[in-house]
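Novice: Protein chains in written order, with our numbering: chain W, 1 to 123; chain A, 1001 to 1377.
Just the calculated beta-carbon pair ranges, DEER-fashion:
#, chain 1, residue 1, chain 2, residue 2, range
1, W, 1, A, 1100, 58 to 68 Å
2, W, 51, A, 1185, 50 to 60 Å
3, W, 47, A, 1282, 54 to 64 Å
4, W, 29, A, 1357, 20 to 30 Å
5, W, 41, A, 1372, 33 to 43 Å
6, A, 1092, W, 120, 55 to 65 Å
What the hints contain is simulated information worked out from the structure, not anything from laboratory work.
Just so it is clear, the structure is predicted and the values come from calculations on it, not from any experiment.
Don't be surprised by glycine CBs; every beta carbon is placed ideally from N, CA and C.
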Amino acid sequence: MTRYFSQEHEWIEIEGDLGTVGITDYAQGQLGDITFVDLPEAGATFGKGDSVAVVDSVKAASDVYTPVSGTIAEANGALTDEPELVNTQAETGGWLFRVTLSDASELEALMDESAYKQYVESL
Amino acid sequence: MSEYPISDSDQEPEELAPQLLPLNGWHRERGGRMVEFAGYMMPVQYEGIMAEHLWTRESAGLFDVSHMGQLYISGEGVEPALEAALPIDLSTLKAGSVRYSLLLDENGGILDDLMVTRWESGFYLVVNGATKWDDIGTLREYLPDDITLNHLDDNALLALQGPKAAEALERHAPGVSALTFMKGGAFKLGGVDAWISRSGYTGEDGFEIAIPGESAAMIADLLCGEPEVKPIGLGARDSLRLEAGLPLYGHDMDPERGPVDAGLAFGINKRRRLEGGFPGSERVQRDFAEGTAQKRIGLKLDGRQAAREGAKVFHGEQEVGVVTSGGFSPSLQHPIAMAYVDAAVAADGTALSIELRGKKLDATVAAMPFVPNRYHR
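Just chain W, same shape as in the assembly (with noise of 0.2 Å):
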């Protein structure tokens, strides 16, 4: 398993053609307490960098884009009860949608976890 990172803050861990996709922890700690997480469709087709999900905090809503283009294979429905997770847990169990690949190649335009690390101190 890999796991790439975004500029726009997104974590996509990848196992075969299947894409595991979460904000990060240093995103979930900028919004603030997550108070609901809105979530894409099973089966929605979408295209690299379109909004697929929207987290809210109290503050404000951020749009949350896919890294890859594919299609929703499921979201994380744990996110409806529990929107905390995001918080509590942003790179494991608060992720928030899983997708299936259509161009594998993406990924080479996003970074490691230690590019990105990088990335974020040079904020």
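The hints should help you fit chain A onto chain W, whose structure is shown.
Specialist: Structure of chain A alone, referenced to chain W:
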């Protein structure tokens, strides 16, 4: 991911770099996350909006609101001059008392909302930070030349809000607990001259404290040294005022809206309604007599997704209004909003919906405040 802050975005497009207020360094030392707001760097949060909000409701929170404009208006004939500028009845405003009023344009549109206090020799006004420069210009235009308008820009302004505010403040400013809601007085606070009024913007009991800017850090340390008190950022200030049903200028009020549609008619007493004689009085009198096409209302939303400013409001298939403030209520644990809707669908209990990202969220017109006020009357 991109963030589009909704309800704390009334910063004006400023050409200059944001200015720094007396407590800038103090906020940073305390871990405040600083953002630009109304042309100043201000703390949006410390430990988190939810925790800060709930702390204020159960204990006491210290807010830095030094970005707001503090004005002093004085001179021979100041009372009739101010009554000609604002729709306020000063004949019933006693020394030390505070009253809510509105700055209107000639068409009766709202330019700002403000607090007016009678001091012995003149009137002390607190206006919004984002509008204060325009307000000074407007007031200067409305007031005769021999009336003096001073901008007290060496002052800082703090607000201590919450059910334990009085006991914490009393330890450092003996006598403040004797004040009742919307009354103020001169006190010594930590040895410094302070003007303290029992007022605020959270719906809780609490105080607003005007002090010299150079003493602000010392006073903030003093108050936050009390076990009941924590510093609170602008984020929680916004969620607290929304729960309290208090409108925010630039969002829930603007020059397109008048006092009657904004639900702020209580700010204009009977004598001024009848007599008029203030900027925009014709429109205000007409609105009182005929009613307005739209009204500001509260909305309680089903589910957990919050409606934000600009979202359209529907009654069935018909568009009937727009959301002007909205967010998740930390105290109630569901989303709430303020909106302007057509008068026909403004009654409490009316079922409406709010369009959000192509979906319609169910909402019900609800009485405000959403969370009961706990003022010390």
